[in-house]
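This is what each chain is made of:
Number of protein chains: 4
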Amino acid sequence: MKEKIRCAIFGVGRLGYVHAENLAARIKGAELVTIVASRKESAEKAARELGAKKWTTNPQEVFEDPTIDAVVIVTPTKLHAPLIIQAAKSKKHIFVDKPLTETLGEAEMVIREIQENNVYCQVGFMRRFDPAYAEAKRRIENGDIGQPIYFKGVSRDPGSPPEAYIQTSGGIFLDLAIHEYDIARFLIGDEVKSVKTLGNVLVHPFMNKYGDVDQSITFMNFQNGASCDIEASRNSTFGYDIRGEVVGTEGSIQIGSLQHHDIKILTSRGSAYDNIPSFPIKFKDAFQYELAHFIECLQKDERPQVTEIDGKISLEIAVAATKSFQTKETVMLN
Amino acid sequence: MKEKIRCAIFGVGRLGYVHAENLAARIKGAELVTIVASRKESAEKAARELGAKKWTTNPQEVFEDPTIDAVVIVTPTKLHAPLIIQAAKSKKHIFVDKPLTETLGEAEMVIREIQENNVYCQVGFMRRFDPAYAEAKRRIENGDIGQPIYFKGVSRDPGSPPEAYIQTSGGIFLDLAIHEYDIARFLIGDEVKSVKTLGNVLVHPFMNKYGDVDQSITFMNFQNGASCDIEASRNSTFGYDIRGEVVGTEGSIQIGSLQHHDIKILTSRGSAYDNIPSFPIKFKDAFQYELAHFIECLQKDERPQVTEIDGKISLEIAVAATKSFQTKETVMLN
Amino acid sequence: MKEKIRCAIFGVGRLGYVHAENLAARIKGAELVTIVASRKESAEKAARELGAKKWTTNPQEVFEDPTIDAVVIVTPTKLHAPLIIQAAKSKKHIFVDKPLTETLGEAEMVIREIQENNVYCQVGFMRRFDPAYAEAKRRIENGDIGQPIYFKGVSRDPGSPPEAYIQTSGGIFLDLAIHEYDIARFLIGDEVKSVKTLGNVLVHPFMNKYGDVDQSITFMNFQNGASCDIEASRNSTFGYDIRGEVVGTEGSIQIGSLQHHDIKILTSRGSAYDNIPSFPIKFKDAFQYELAHFIECLQKDERPQVTEIDGKISLEIAVAATKSFQTKETVMLN
Amino acid sequence: MKEKIRCAIFGVGRLGYVHAENLAARIKGAELVTIVASRKESAEKAARELGAKKWTTNPQEVFEDPTIDAVVIVTPTKLHAPLIIQAAKSKKHIFVDKPLTETLGEAEMVIREIQENNVYCQVGFMRRFDPAYAEAKRRIENGDIGQPIYFKGVSRDPGSPPEAYIQTSGGIFLDLAIHEYDIARFLIGDEVKSVKTLGNVLVHPFMNKYGDVDQSITFMNFQNGASCDIEASRNSTFGYDIRGEVVGTEGSIQIGSLQHHDIKILTSRGSAYDNIPSFPIKFKDAFQYELAHFIECLQKDERPQVTEIDGKISLEIAVAATKSFQTKETVMLN
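Just so you know, the protein sequences line up as chains D, B, A and C, in that order. With the working numbering as the guide, the letters of the first sequence map in order to residues 1 to 334. With the working numbering as the guide, the letters of the second sequence map in order to residues 1001 to 1334. With the working numbering as the guide, the letters of the third sequence map in order to residues 2001 to 2334. With the working numbering as the guide, the letters of the fourth sequence map in order to residues 3001 to 3334.
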């Protein structure tokens, strides 16, 4: 087993910094060597705070550094494809945040490079590593609810990202609902056959300009006959509300809650607890565990779960979902 | 205020008996005088058990009895229209289980008769009287969640009714989801503009014969811009699972749970509580309160909530939902 | 089976009125005939509101009325003994609120009269009829937690009664904790061997004048080796907080919660639900079911559960608890 | 700020290994240099697994190693005093698991050494660092429940440790309830004035041999008038059940639950979730955070929370609790 996996990270924004911290301080098998960011100040500051040896604004430095084993890509989506391709060509293993790429054409290209260069790639669908979702999967496989026949997902952001982000986000199905598409596949254990979506702008009128919505529903049929509905919204002013349910032929599993601290305050106005405000809190452990899994796989020279193929399939669903919304038709997947 | 409202009940099946018991024993202002059932034995047995003075298999006896103030109709749906019309003509007030009638044509006829004869009519959408839904409405009106923008309903029967029932039930949208259509209107406080439905047979293949499904989703837009999704299914082997949520611009209300007794059993296998098995348990109070409201309105000569108009509107939505499912199109309401 | 049990009620204060309403409107086998109250206005008003035929301020009218089958006594405790004795002598069955009597001497006297006159007596330990406690008992008897070895009770009033009430209440052990003593016996299924109590005045200094406390703990050993702790307090500003737990050799049952309506409000300040404010709401069903049980027993000529003997035993425990608090010693029961 | 705190750990049993892992892999500012264990094989194995440079069975190697900054002591209690004294004399900072020492005499000795040698000492009352307890403290200080007046603690082990452990454990008050004594002081924010304890052997008869019990209750009064009750038991066959509640003059905080994964399984037998089985799972984060706090304090040259003084005070309470149990008297603290 390889001692330490030497890593570079691309991007130290909100989520990038979470990954960088995990690499630096919480994942035994990883060494955070280089931080790459487009702004010099960000790169330098993160390197100092996290004790990384190097920082740079030039990705090439990483690709030309033979001591780097793996890259963690947490940049804007449009940079995913070029970075993955260069990483693969440089024989570096790849962890890339979702979505794999911006387009299906790019997805096919990066898959080809990854496979030709024989490197490993894991896509950042962290929910699979959340202790609740992971335990749900284990219970389903254990037969606790019989055969899974229906998935019901709720994915609510506590507000809209800024207009500038929405403009290039690819829309709610590609940007937000894609997490649910992956987890639905994971929990149902099958592939999607058809997708039908609907949506509305309920709170953020500016979204109309970009053909985007802040409230959406996706209805999907699976090849094995199971089906699902998924609500994705930007309108939960009350917290980061991620829940799921898998109905089976002999029972159901409900996953997740909005409760943050494990305390309740009782007053004459009622009983209350605080809500999970944001994704870094909700998925603190999941972000750590997904990266730990990636590093451990590299140490053991094993293929990680949630590969570039999963990345591509979820992207296909998200593209179909977007098309269904635009055409008002059910879209079939092949 | 009128002392006692003298009532006759038509139908003492499962739900009919619940209503009859409430009239006989739990609603102060009501007197259960006559029980009408198609089978002599049922009528006689219920009359004996509940202390009703008369029983008959002939509805005319009720309509010709000048001492009867009101009728409670809990028969198969196809009898609703003729019974309502005769009751109205006989100047008897009417409580009728949902749906108001089988067809929209009938609905218009009965509305005309009710209004011409100046009697009151309440339709049995009991969820409005369930303490949880009623409190949710009060909280919404109190402004606790801002403006309601989304309703999410779950209505899961713990299994399918027998094939014979399904055959004449009118389908899942008319028979089951209609409760949710009424409660969505009630909680959002507005009327539906468009309906789109999807569904599948997941568990009960015989439903295919009747063009019915055991798992359905309804997506509706309201005139004020709000929208909703409603899951109705026959597949919750784990209990009678009725829940709702109203998302507002400043918060959300989650309504209902599956827990039956207010106890938890903790063992080495985990912590557990029992689930609500069936509608008479879930809506025990609601069934009592809706009838108490009806009787109280009659005593005070006031119009009850949930009138024949509400009955007709929910029926229109259910008919549109069925049409959307059959045509795969979004159906507009006028 | 006797058709209707004709009842008189003594006392129409807060709890008395609840019982009177149940007799008048919700218990099929009962007829509320006479209302007795010390103040003419109260008696007359309650009779009018509840449709009772007679009202009086003179208890003798009830005892001399041969048409009365049963009396329901909800007066101040010091009147329990004389009313029970007169009722028994007049061959009327008796439902009496807890505690059975003020003193153990009185308890013995009333038991003698009840037994000599061959009437039935039920004491108002309504918790046994609460659906949660009743189901817990059923589960224990079913063996779901093995052998019960520990009971943990919490009984918190949402504030102190007025000073005038405290002055004659007999103290927190006799007035409040006695409910828990009965339910501990019921759930453990055994009799108490020793009692040790401690307490403090935490919020209401006036209690010091009467040797009473607003926060108390009772620790009891049972004859079969089981033990228990019981907190009784007047300090739960946040609601009427009644909970219990029975730990067994193979599991535990937790009973009750503070939640009132089955809804949750989610806002940016957290998730909240309302608390049960008071005993009439917490034990709405229990009050109805205990009286229904009493009436049904009379109709069938059967001995009710929770008899005068239970009343006396719980009183013995409460007296021992009070003595333990005063002497700072463990008190043995025989 | 000091770069890395070089640590040695004494003891790699169940809890010791948890601490060692945290030092090795999850606490950025720490470097695990040396592992000391009484058995050569344990020391060597842990060093190999965790990547520690050195291992030894001889504590002197650590005390004589000038590169070691701090020691983490997780040995049997009777070794605490000699190890702390040697560590202090060698100018090493000290993290020691609870209880500080076996006797109050030893506690005074180690406090003197710690203070004379000007080193820092933190005692392992990890509950203070559990996110739920920490948030509860923050809420109390924020005034969310007014003035705290009552603490109610439940601390239930999922079974008894082996007889050999019980024999030298010091008894349930010193070994188990001491965690609650510390947390009660922490949450009430005041010192204990008097202690009264009671207890029984309910499940493990062998405890009688050692004058120990498996079920205990502690009732304490604080100097500021607040009071508390604490149940400590070895009888929760259903999981590791640690909960607390702080009642204040304006509300209450309930802390903790038994739920492990954030999922619920719904079947026809009811709804269920799994329970927390053991302390390493319940306090996973707390163990990490307490050590991270210790290391961070050393880096910043600041005094940690939960010092040797807290260790001594909790020990005084536990000794008084044991005496109260033996003498059946209330014991005053000075």
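Treat the hints as calculated values from the structure; they're not laboratory data. For clarity, every value in this text was computed on a predicted model and none was experimentally measured. Keep in mind that the hints are not guaranteed to be accurate.
What the hints assert, rightly or not - So the derived list for chain B, only partly shown, Cβ under 10 Å to chain D, looks like this:
1) R1006
2) I1149
3) G1199
4) D1229
5) S1233
6) N1235
7) V1247
8) G1251
9) Q1326
10) T1327
Here a beta-carbon is modelled for each residue, glycine too, at the ideal position from N, C-alpha and C.
These are the hints, each one checked on the structure:
no. : hint  : result
1   : R1006 : violated, 43 Å
2   : I1149 : holds, 5 Å
3   : G1199 : holds, 9 Å
4   : D1229 : holds, 5 Å
5   : S1233 : holds, 7 Å
6   : N1235 : holds, 6 Å
7   : V1247 : holds, 6 Å
8   : G1251 : holds, 5 Å
9   : Q1326 : violated, 15 Å
10  : T1327 : violated, 13 Å
In the structure shown, a violation is registered for the earlier hints numbered 1, 9, 10, in ascending order.
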